[in-house]
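Engineer: Go ahead and model the full structure; you've got the sequences and the hints to work with.
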Amino acid sequence: MWEILLLISIITSLLFVVIEGRRARKLEKQERFIRVERAVFIGIFITLALFMVTGVLGFFDFVSRFKEPLDKIILFLPVIISILASIAVADLIREEVEGSAKTNLLKAFLLASGAVFLIAVAFVVIPALFPVEFRIIIFLALMLAVAEAFSRIIKQAEKARPLGGELRKEVEELCRRTGVDVDGIYLIEDEGINALVTGAKGKTIFVTKGAIEHLERDELLAIIAHELGHVKKRHMLKGYALSILHIVPMTILLKIGDRLPEAVLTIYIVLSFVILVAGLLYRLARFNLKCELEADEFAAELVGADA
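Everything in the sequence shown is counted per the UniProt record's numbering, starting at 1 for the first residue and increasing by one.
Treat the hints with care, since some could be wrong.
Claimed, not checked - For each label pair, taking beta carbons as the anchor points, the in silico distance ranges come out as:
1) 248 with 289: 19 to 27 Å
2) 287 with 81: 20 to 28 Å
3) 183 with 52: 27 to 35 Å
4) 217 with 297: 15 to 23 Å
5) 70 with 164: 47 to 55 Å
6) 213 with 3: 16 to 24 Å
7) 26 with 286: 49 to 57 Å
Keep in mind that the hints were calculated from the coordinates and are not lab data. Bear in mind the structure is a predicted one, so any value in this text is a computation, not a measurement. Even glycine gets a Cβ: it sits at the ideal position worked out from N, Cα and C.
Structural biologist: Below is the structure:
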């Protein structure tokens, strides 16, 4: 019975996001974006509830038969897959909402797979190699390294080159007016209409070729101003801090867990998992959306609400 319920818990979140994305096709862009974010939140909440019932029915007993670290991998992997698949599908829907010319399914799959690997490293390998006192520092270093590596991968994979011409002068003027300091502004060979900010310091901006070719100048400046808003508001740095904040209680639980009797070990595992998922849900439901709205407000003030 628990095997069937476990399978349902894995696919529920993904199906919910897909169904809500289709139902929201005729809504306005901003309303549809909010609808998709809400669908991810509700879908993962349902998945978590089903997963807990699955554990009561016997999944936790099944996992306990395996030796470390395989038991931890088997325990966390089903819901991690569900969460990442839901996030990947939501990203694909957002690309469609934003008018992207084509969706890169391979890129979405690689990003989701990479996230699974990083979570495995963070919650299985690091605790096995480092004492509790150093784990928060290691987690932070890992996040910064991944952010910087992602920026460099984009530069290589998308054949990025520094943005030039009159557009660069206009962007530099926007930076000067707002006091925003960026590490670089790059053009990437992507037909989608998009811009993003990345890098360890959250100050490297990428603009797609599709955005430059298909948008009016004021629209183009608006999406670049949106990314400048992320830099100005230090959203990536705040994201790092938020990640550390929900890792701290997990680290404490791991320290306590070493001393727990076997009778309460299941409760300890469930509590650790709830803290992990609660942090992810908060980022999806509140923090990320708040950052996007703040960046939109910044762009509206900078280039005008009509852009």
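Engineer: It remains to establish, for every hint, whether it holds in the given structure.
Structural biologist: The hints, checked one at a time:
no. : hint                     : verdict
1   : 248 with 289: 19 to 27 Å : holds (24 Å)
2   : 287 with 81: 20 to 28 Å  : holds (23 Å)
3   : 183 with 52: 27 to 35 Å  : violated (44 Å)
4   : 217 with 297: 15 to 23 Å : holds (21 Å)
5   : 70 with 164: 47 to 55 Å  : holds (52 Å)
6   : 213 with 3: 16 to 24 Å   : violated (50 Å)
7   : 26 with 286: 49 to 57 Å  : violated (26 Å)
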